[in-house]
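There are 2 protein chains.
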Amino acid sequence: MNKRDLEVTYRDYITCLNNQDWMNLGQFVYDDVLHNGRHLGLDGYRAMLEADYEQIPDLHFNIELLAVDSPHVACRLRFNVTPKGSFLGLAVDGKKVTFCENAFYLFRDNKIQNVWSVIDKSSIEAQLD
Amino acid sequence: MNKRDLEVTYRDYITCLNNQDWMNLGQFVYDDVLHNGRHLGLDGYRAMLEADYEQIPDLHFNIELLAVDSPHVACRLRFNVTPKGSFLGLAVDGKKVTFCENAFYLFRDNKIQNVWSVIDKSSIEAQLD
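Residue numbers (the numbering used here), protein chains in the order written: chain A, 1 to 129; chain B, 1 to 129.
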């Protein structure tokens, strides 16, 4: 998959998430997808995202930095959101927080096969002090 | 800077860190470098790394994933180390922990000008339970 096509596919994937277009998630995510070492599969991946939106009703994925090196994509995503209740074990309780997630993706057959993602928990903690 | 040269430069930078070769850090790091939004400059960057080695005597940077998309490099680094005392606000106290750092770098004139890095604090917390 060439670099340009991979970037377009990744941006379309982020649009799919922001539209909560779960019917089309399978266009972007492999049936056997892994996420941070866990074998979620497409159904588990969709369930994870639906749970994210349940906990964070104003969830929106913003691409801040993108590095495309086929078959890998690396993206720094920025969020400015108000999670309900406990988030990552922190009592956010509806407070507006801004944080980033640095994520790596391995693509196979134009779809995400593996994700290694880290959320900047320390920055959220600092906003709750 | 072409992709191949940028990858070689980045790998040489990691070797420089692993050798604690602070005399040559300026070959890889810009005088006005920023790190997670803080203007450290080369001297502050070196001081940050020296403090890291002071706190983590067996610190070693292992490249797990690398995406090179000039002028950006994205790297997932893996650590298997024994920090002394408190680390990221966690009472690690000399316990061996394994964790990753997902980092993005912006290069300018063959040197790192900006770093946006996130350490997987949640995975360290899970190892201390």
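To be clear, the hints were calculated from the coordinates, so they are not data collected in a lab.
Being a predicted model, the structure only gives us computed values, none of them experimental.
A portion of the hints provided could be inaccurate.
[As the list claims (entries may be wrong)] No farther apart than 30 Å at their CA atoms in a straight line, the calculated lysine-lysine pairs in the DSSO-like style are these:
(1) A/Lys96 / B/Lys111
(2) A/Lys3 / B/Lys3
(3) A/Lys111 / A/Lys121
(4) B/Lys95 / B/Lys121
(5) B/Lys3 / A/Lys96
(6) A/Lys95 / B/Lys84
(7) A/Lys95 / A/Lys121
(8) B/Lys84 / A/Lys111
(9) B/Lys111 / B/Lys95
(10) B/Lys111 / B/Lys121
(11) B/Lys95 / A/Lys121
(12) B/Lys111 / A/Lys111
(13) A/Lys95 / B/Lys95
Unmet hints by their number, sorted upward, for this structure: 1, 5, 6, 8, 9, 12, 13
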